[in-house]
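Student: For the protein sequence lines, the chains are A and B, in the order given. Residue 158 in the UniProt record's numbering is what sits at position 158 of the first sequence, and the numbering runs on without skipping anything. Residue 464 in the UniProt record's numbering is what sits at position 464 of the second sequence, and the numbering runs on without skipping anything.
The hints are simulated quantities; they were obtained by calculation from the structure and are not laboratory data. The model shown is predicted, which means the values in this text are computed figures rather than measured ones. Hints should not be assumed to be uniformly reliable.
Said to hold, decoys possible - A few chain B residues facing chain A, derived, Cβ under 8 Å:
1. Leu67
2. Val136
3. Val164
4. Met170
5. Ala458
6. Ile467
The beta carbon of each residue, even a glycine, is placed where N, CA and C say it ideally should be.
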Amino acid sequence: MMIDALPLAVTLPLIGAFAVTVSPLHARGLGLMAAVLTAASALSVTAAVWSDGVLRADLGGWGVPLGIALEADGLSAAFLAMANVVALAVSVYAGGYFKQESARHFWPLWLLLWSALNGLFLAADLFNLYVTLELLGISAAALGALTGTREAVAANLRYLLVGLLGSMSYLLGVALIYAAYGVLDIGLVAEAIEPGPVAWTAMTLMIGGLILKAALFPMHFWLPPAHANAPAPVSAALSALVVKAAFYLALRLWLDVFAPVLNEAAANLLGILGAAAVVWGSWRALRAERLKLLAAYSTVAQMGYLFIAFPLLAATPPGLARDNLLAAVVLLALTHGFAKAGFFLAAGMVQKTAGHDRIDDLGGAAQALPAATFAIGLAGVALIGLPPSGTFLAKWVMLEQAMILGLWWWLIVMMVGTLLAAAYIFRVLSRAFNREPTPYRFVNDARTELPALLLGLIATFGLGIAAQPLWVLLEQGAFG
Amino acid sequence: MSFDTWLPAAIVLSSMIPGMLIFLLREESHRLRTLLNMTGALVKVGLVIWMIGGVYDGQNYETRWTLAPGLDLVLRADALSVLFVALSTLLWLVTTIYAIGYLEHSPNRSRFFGFFSVCVSATVGIALSGNLLTFVIFYEILTLATYPLVAHRGTPDAAHGAKVYLAYTMGGGALLLVGAIWLQALVGPVEFTQGGILGVSPEEIRVELILIFFVLLGGLGVKAALVPLHGWLPQAMVAPAPVSALLHAVAVVKAGAFGIVRVVYDVYGVEFAYANGLLLALGILASVTIIYGSLMALTQDSLKKRLAYSTVSQVSYIALGTSIFGPIATIGGVVHLVHQGLMKITLFFCAGNYAETLGVNKVSEMDGVGRRMPWTSLAFTVGALGMIGVPPVAGFVSKWYLGLGAADAGSNWVIAVLIASSLLNAAYFLPILHRAWFRPAPKQWPQEHRHPGRFEIAGALLWPPVITAALALSAGLFAAAPFTPLEWASLIAEREYGR
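Same shape as in the complex, but just chain A (with noise of 0.2 Å):
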């Protein structure tokens, strides 16, 4: 029974996004339902990997290695419970955000999205997660162009050629694995890979195809404006889910399948490469004009943290060590996961009262929405990394690590970082102190309001006092 929730999660989205296809009338309607389904059984899928261990699902009957293999450890689990809330989150909220046209447009390519999203998280083979990872990048380039004004066409057309270069670097890698060792599937390639020119080159194909997803610096270039000029919830979750998605990834990739033919230079590239994502995008940040630029300049940023994280676990025998700290890099992924998607969610809301998210210029519409306020607050106390949040953990397992191995430069970037980030967020909160008084209802529109503020809550209190359950859930390893 709990082994069914496995294809669930992948294709209620599926069915959905063919019915409010078939019945745009009832878009809204039926989308919901779907993004409830959908979640329910995401969720289900994680409950029962903490419950039972790996699950493993062979679609149609076909065994390794010719049929679609779904599989879900710890580490899937983790990922898939913060995107489907997430996804779910944002689904509540475009249900209050787009009126009866675009939301037409919205739920079909959203559906597809979340589908794919799903299918990522769980696919146990190489190419399968390839077919994810093009849809992924196609339904997003989609709906970030929804609002059909130039720039956002613009820039998510280049997103798009941006993605799709990404998922052909990765495809390469792929067919030079399969040429050469004649299997697809994650555990089989972890068994068959050897250190050799051919490893190395897929390697470097398929991770470099991966960073350019995750809009690792330089290759960040192509998010902030696809970022920035998607309508809210789009941007919600492009930030939060998608580029996170290629994250987990690339993640995956290195601890199942690369680990044998891994090697310390290329750990420290990805780290500087971090590094360098910190402080520009943090610094970007800081002279952004716009909210929603802010943001996503932010994302850059936070994405780099995540990319510290590999010569860190590159440097750190296997052992207790080496799973905290794993689970820590998780716990950022996850809690920025959340934040962000609140911080762009509450975001839209205050460019929707105010008309234009200049930040100079918030001040009364901060003022007139304190859940969205509080949410930008909350959500903010997580970018940040300040108790606490789940972030603010997380760096702390993370630097005293850094520091037990004596690699204390890390700390000196992701200090730097952290009170850059401290200088953004507030720059931004500093506006919602005006002197005009105004009548204070502490939400003025539950539908959109709730949802950011519930998501900047769990980022900065549910992470940040309840995150030992993710250390059990990541437990349940797939292959190592």
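We have chain A already, so just place chain B on it with the hints.
Tutor: Structure of chain B alone, referenced to chain A:
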């Protein structure tokens, strides 16, 4: 799970929960807001009284919650934490009453009181922190919760003051975090333990430990307003009077000073700190701050600014007491944590009353306020005399023990610092008292609001300073009675040294 393991958490939550609920209230539901505020404050007082009794009898209260493997959130009551908890709980109650009166009819009160409650919860969390991680967590929450209070008025001045405040405290927080992580990477989880945990540390990490001490001190020194990290404090004066009162007496500066006490006694251990010259460095830093703060106070005409520089100076008595090796000076430093709080909060309440009733914000406008507002001025006088160290007000007791401790430890230069600082205190407080009581009142006050009732000002604004002044007076007058701050400080010193 017994009650004992939940008591520390309950004390933190007793103000956190009302705070969260207050955020959700509509602006005009002031009765419900007052009810929530007062319920929280009174429940906290009850719980703290319970805890004081237990800790006195040697009872162990500890809440432990695992955040991640190896990272525990620990709230624990020992004699030192109870002293700070009791101070903040009592003064929160008084300040809440004052704030309700002070902010009557002003906008954005739900936001204000919400953050006000979070601020106090964070302070109590700092007091009860049982390890360095927990301390860092609440220390940062305090920064976050105080920012909206400083920015509350929303004027350009307030925005600027809040920005300066944030820049300093975020920088300090980052330093503290670096120090804490570095230390934990070296020696594992840092639990606060009476007598310290680093006395037995291996020789080869000694240099690193000393470096870490200064990193931590840099982080704590920002909030404790040690020179040259004090710049934010005079700027933060733009906050409404109850916030200034809380900032100066309980919440922010005390959190820094308390942290210094914790790090010296319960992390490094006073013997380790003494043997490695850390105490001397701290003592010099504190002395410079004491003299510098007093000199600056002398030149301020703005009453709140003068009080602010006076805080810079006075809070460093706590660090000074910590830096002298010996139990007597420890008593002096620790007891000043409470005494300074009682006296300074009185002075700020009074400054707020002068501004509210007469529009008097400057020292030069204070001629004759004594006759016009006798109760407020009486309270102000008690606070000011206490700051100078005139017996029998509480400040005298602090200075007496500090001086005695310094003599005991053979640090005569400390006595010189104490004398110089007392003279300076007198030089910037006595002229105010002279103006208030012996100069004729002007024909017209800058901006007068006549209060229709029996007293010079509404009860909610009158009684808090009168009560805290009375407490400051009795803390000195009955210093030797049981359960006074002095007795409790002696208990702390006994437990820190008497192993």
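Student: So, as I understand it, the hint says Val136(B) touches chain A; can you test that by seeing if any CB pair is closer than 8 Å?
Tutor: 7 Å, holds
Student: Holds or violated: is the Cβ of Met170(B) closer than 8 Å to a Cβ in chain A?
Tutor: Status holds, d = 5 Å.
Student: Any CB of chain A closer than 8 Å to the CB of Ala458(B)?
Tutor: 21 Å, violated
Student: Against chain A, run the beta carbon of Ile467(B) and see if the smallest gap drops under 8 Å.
Tutor: Hint on Ile467(B): violated, closest Cβ of chain A at ~31 Å, above 8 Å.
Student: The hint names Leu67(B) as touching chain A; please verify it with the least Cβ-Cβ distance against 8 Å.
Tutor: This hint holds: Leu67(B) lies near chain A, its Cβ roughly 6 Å from the closest one there, short of 8 Å.
Student: Does Val164(B) pass the interface check with chain A, least Cβ-Cβ distance below 8 Å?
Tutor: 12 Å, violated
When the structure is compared with the earlier hints, violations turn up for hints 3, 5 and 6 and for no others.
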